[in-house]
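Protein chains in written order, with my numbering: chain G, 147 to 197; chain R, 47 to 581.
Errors might be hidden in some of the hints.
[As the list claims (entries may be wrong)] Not the full set, but computed from the structure, chain G residues with beta-carbon under 8 Å of chain R:
id	residue
1	L151
2	G152
3	G163
4	Y174
5	D178
Think of the hints as simulated: they come from the structure by calculation, not from any bench.
We treat Cβ as the ideally placed atom computed from N, Cα and C, and that holds for glycine.
If you want the building blocks of each chain, they are given just below.
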Amino acid sequence: MSMILGMDPWVFTAWIGTILAAAACVLYGIYDQFLRKSGNEKTITKEKGAK
Amino acid sequence: MKKQSPKKKGQNKMEDVIFFVIFMALFAGVFSFLGYLGYKKTKTAEDYYVAGRKMGALVIAFSYGATFISAVALIGFSGIASIYGHALLWLAFLNVFIGILIAFIFYGFRTRKMGLSLKALTLPEMLGNRFNSTKLQAVSGIIIAVFMIAYTSAVFLAVSSLFQVSFGIPYEICVIVFTIIVGIYLVVGGLYAVMWTHAVQGVLMLAGMLILTIGIYSMLGGVGPAHEAAAALTPEILEGIGSPAATQAPNGLTSMPPVLSAPFMMLLTLIFGVGIGVLAQPQLIVRYLSAKSEKALRRAIPYGGIFILLMTFTAFSIGPLCNVLMVNNGLTYPGTPDKVVPLIVSELFPQWFVFLFLFAVLAAAMSTASALFHTAGASLGRDVYEKGMKKGGSEKKSLQITRIATLVIVGVTLIISLNPPDVVAIMCAFFFGLMACTFLAPYTFMLYWKKTSRAGAWAGMLGGFIFTMFWYALIYFKTAPQIIGSSLTDNYVINMLDPLFIALPLSIVLTIVFSLLIKQDKEEQKLMAKAFENI
């Protein structure tokens with residue numbers, strides 16, 4: 147079986163998948179910070195919900 | 047990284063003890079100060095339980111990560127990776143993908159909104175308020191408190207043993223010192239203190255794991271050469287150093303084991319038990335409730351993703367490479383997997399890093415323990431006593447009760463840790479899975495299905511809990527032999543299977559069926575409408 151970076155394809159998938167999952171977290175943060183339209187979210191005030 | 051000559055035991059013991067005392071005094075000073083700041087801010091029960099729902103993104107991310115990743119994950123799981131190889135990286139993938147992305151997006155936002163609507167400060171209180179049942183809240187609280195005490199004892203047991211070996215300080219002193227430090231800042235400062243200390247502990251953990259990982263990869267010539275060196279280790283070479291990987295990684299340390307082989311089943315259990323179990327951990331759910339806004343939760347996602355990546359991805363990557371280092375440096379496998387990384391650190395890293403690493407592990411243990419104490423104290427004080435037995439009270443009284451309950455939890459944990467019965471280790475082994483099998487289905491349906499009824503929640507919770515307890519007692523290969531002498535089946539495909547694979551579907555079916563059979567009453571319908579008013 148061919149190896150990628152010294153790992154078999156299944157293990158390499160997990161390896162690269164972990165990095166991509168973390169990258170997705172970062173991309174979500176970038177999207178949220180710069181691209182997401184604000185104001186489309188329901189406002190929940192603490193006074194309304196909690197005591 | 048400079049290679050150290052093997053240390054002569056006892057040579058620097060006095061210096062080690064002095065260093066231990068200085069560093070512990072520093073730990074105690076910083077954490078007590080944060081505990082004092084938390085005390086100043088804690089005026090109400092809401093402040094104590096969910097930090098006034100005022101926490102920002104960075105603190106949430108670090109606190110979630112530091113609670114999630116315990117000393118067991120850093121040392122225990124990297125040791126397990128030294129046996130089963132890089133295939134364990136699938137768990138790192140699930141830790142980031144499910145533990146952060148799915149958890150925050152599909153559970154975190156809704157939990158926070160519903161928690162606010164239902165005025166809930168704990169997971170049992172959410173269940174109790176959503177289904178109009180203080181009994182459901184009290185029973186959930188009892189399950190959480192009992193198993194968390196055992197889990198916290200196991201965390202202290204592991205880290206105290208490590209410090210006993212490293213510094214030669216008696217185990218009992220270590221347990222007492224660690225428990226008192228955590229107990230003080232927790233009882234005094236509540237969740238404010240817990241989350242702020244988590245930020246400090248998280249930084250220490252990050253530093254320790256980053257240096258360790260960079261050091262090991264640079265010793266082996268980088269990522270590709272390091273993995274190739276691990277792949278080149280034959281069963282004969284691994285057997286030569288006494289590594290269990292000789293039999294447990296039959297296709298090599300960087301390859302998946304054959305499907306349905308015993309190592310494959312073990313990996314399956316570890317990967318899914320912990321990887322999915324993370325979604326229903328009461329101590330993590332509290333972090334969602336502490337967020338000051340949904341925006342803070344959203345912004346915690348990138349920080350959390352990077353934190354978990356740098357913790358688990360690094361720990362599971364370096365584990366198998368420890369075998370290469372042992373072969374290259376003439377070391378032998380230390381007997382149990384949790385001694386593998388400490389052995390490599392003490393033999394191949396400079397002394398300053400040995401101390402840094404030990405205190406990073408202590409930080410990981412303290413952060414998890416403080417979160418567990420806090421959640422268990424809240425369960426006992428608010429869910430069991432205040433709501434289940436006393437049925438309410440004033441704000442001030444509520445705060446007092448929880449502080450006393452937390453002290454009781456800390457005291458009981460200390461007593462158990464000083465004389466740990468075997469059952470502690472057993473309970474620790476299945477804590478994550480048990481919480482998931484008990485709470486994941488009712489918790490998920492509570493968030494997403496408006497027709498979920500009280501009967502459905504009871505059935506899902508008790509069905510998952512009872513099935514899991516029976517599975518661990520009678521079938522599971524690690525626990526059944528310690529409870530009834532041997533597993534009821536010799537078929538390893540069955541007795542190595544995590545109960546999650548059966549208990550979770552069972553719990554889901556029970557929740558749905560009982561919700562359809564015994565529908566919501568009028569009071570429940572009102573509460574359901576209230577729960578979903580902000581969603």
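Against the structure, the hints come out as follows:
Residue-level restraint check for G:L151 holds (minimum Cβ-Cβ distance to chain R is 5 Å; threshold 8 Å). Evaluation of the G:G152 hint against chain R yields a held restraint, the C-beta minimum of about 3 Å falling below 8 Å. This hint holds: G:G163 has a C-beta 5 Å from the nearest C-beta of chain R, less than the 8 Å allowed. Using the Cβ-Cβ criterion of 8 Å, the hint placing G:Y174 at the interface with chain R is satisfied: the shortest such distance is roughly 5 Å.
With a least beta-carbon distance of about 5 Å to chain R, the hint placing G:D178 at the interface is held under the 8 Å criterion.
Of the numbered hints given earlier, the model fails none.
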